[in-house]
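Chemist: Guided by the hints, dock chain L onto chain S, whose structure is given.
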Amino acid sequence: MAMTAPEIETFIKDALPDAVIEIKDLAGDGNHYSATVASSSFKGKSRVQQHQMVYAALKGNMGGVLHALALTTTVLEN
Amino acid sequence: MTDIHNQIDTTVKNNDVVLFMKGNTDMPQCGFSGRSVQILQHLGVPFKDVNVLANDEIRQGIKDYTNWPTVPQLYVKGEFVGGADIMMEMYQSGELKQLMEEKGVVAA
Numbered sequence: 000m001a002m003t004a005p006e007i008e009t010f011i012k013d014a015l016p017d018a019v020i021e022i023k024d025l026a027g028d029g030n031h032y033s034a035t036v037a038s039s040s041f042k043g044k045s046r047v048q049q050h051q052m053v054y055a056a057l058k059g060n061m062g063g064v065l066h067a068l069a070l071t072t073t074v075l076e077n
Numbered sequence: 000m001t002d003i004h005n006q007i008d009t010t011v012k013n014n015d016v017v018l019f020m021k022g023n024t025d026m027p028q029c030g031f032s033g034r035s036v037q038i039l040q041h042l043g044v045p046f047k048d049v050n051v052l053a054n055d056e057i058r059q060g061i062k063d064y065t066n067w068p069t070v071p072q073l074y075v076k077g078e079f080v081g082g083a084d085i086m087m088e089m090y091q092s093g094e095l096k097q098l099m100e101e102k103g104v105v106a107a
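Residue numbers (numbering that gives the first Met the number 0), protein chains in the order written: chain S, 0 to 77; chain L, 0 to 107.
Hints in this document: simulated from the structure, not taken from any laboratory.
It should be emphasised that the depicted structure is a prediction, and the values quoted were computed from it without experimental measurement.
Listed below are the simulated SDA-like cross-link pairs for lysine to any residue, each with C-alpha atoms no more than 20 Å apart in a straight line:
no. : chain 1 : residue 1 : chain 2 : residue 2
1   : L       : 62        : S       : 62
2   : S       : 44        : L       : 84
3   : L       : 102       : S       : 45
4   : S       : 23        : L       : 30
5   : L       : 62        : S       : 60
6   : S       : 44        : L       : 65
7   : L       : 62        : S       : 67
8   : L       : 102       : L       : 78
9   : L       : 76        : L       : 94
Which residues of chain L face chain S? A few of them, derived with a C-beta cut under 8 Å, are:
no. : residue
10  : 66
11  : 67
12  : 68
13  : 84
14  : 88
Note that beta-carbon positions come from the ideal geometry of N, C-alpha and C, so glycine has one too.
Same shape as in the complex, but just chain S (with noise of 0.2 Å):
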């Protein structure tokens, strides 16, 4: 099973609307991706808020089908 990067940026845009994302395949197996993500929820977040907030958004699928999602997280200042 794998994911591909436009469902990977769907989960995330519904629970962070204003997101905004950029993913890169890192291996070309649907298994491994690298993605920035910038959200003003993040606003006075710790680093592994924001990473849990992500992960939260992929609904159990990280760790799971989706072996590895390298994330840099940054609140995007509106």
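Modeler: Then chain L, alone, in the frame of chain S:
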């Protein structure tokens, strides 16, 4: 709380620095785990490695323990610091070294 939760809690509280990883220090079995080991070694931080592949209960338990879906996971003085991404980001910015020094787990 479950046994496994207590076991993890004890390990995390009784060791200054703990890295839950795939494989062990001498033989990491995943790129992210391997990179995390190298970071700690570069910083000269002594740490306890826990091979989650050797115990399925720990492998799932650690993800529930801190609501973090992947391994490796780094703990310093009982606190969850992050996974491979955050370790790398903090290492590159110098924050990780600073944290270790502040927590007194490595000489300044």
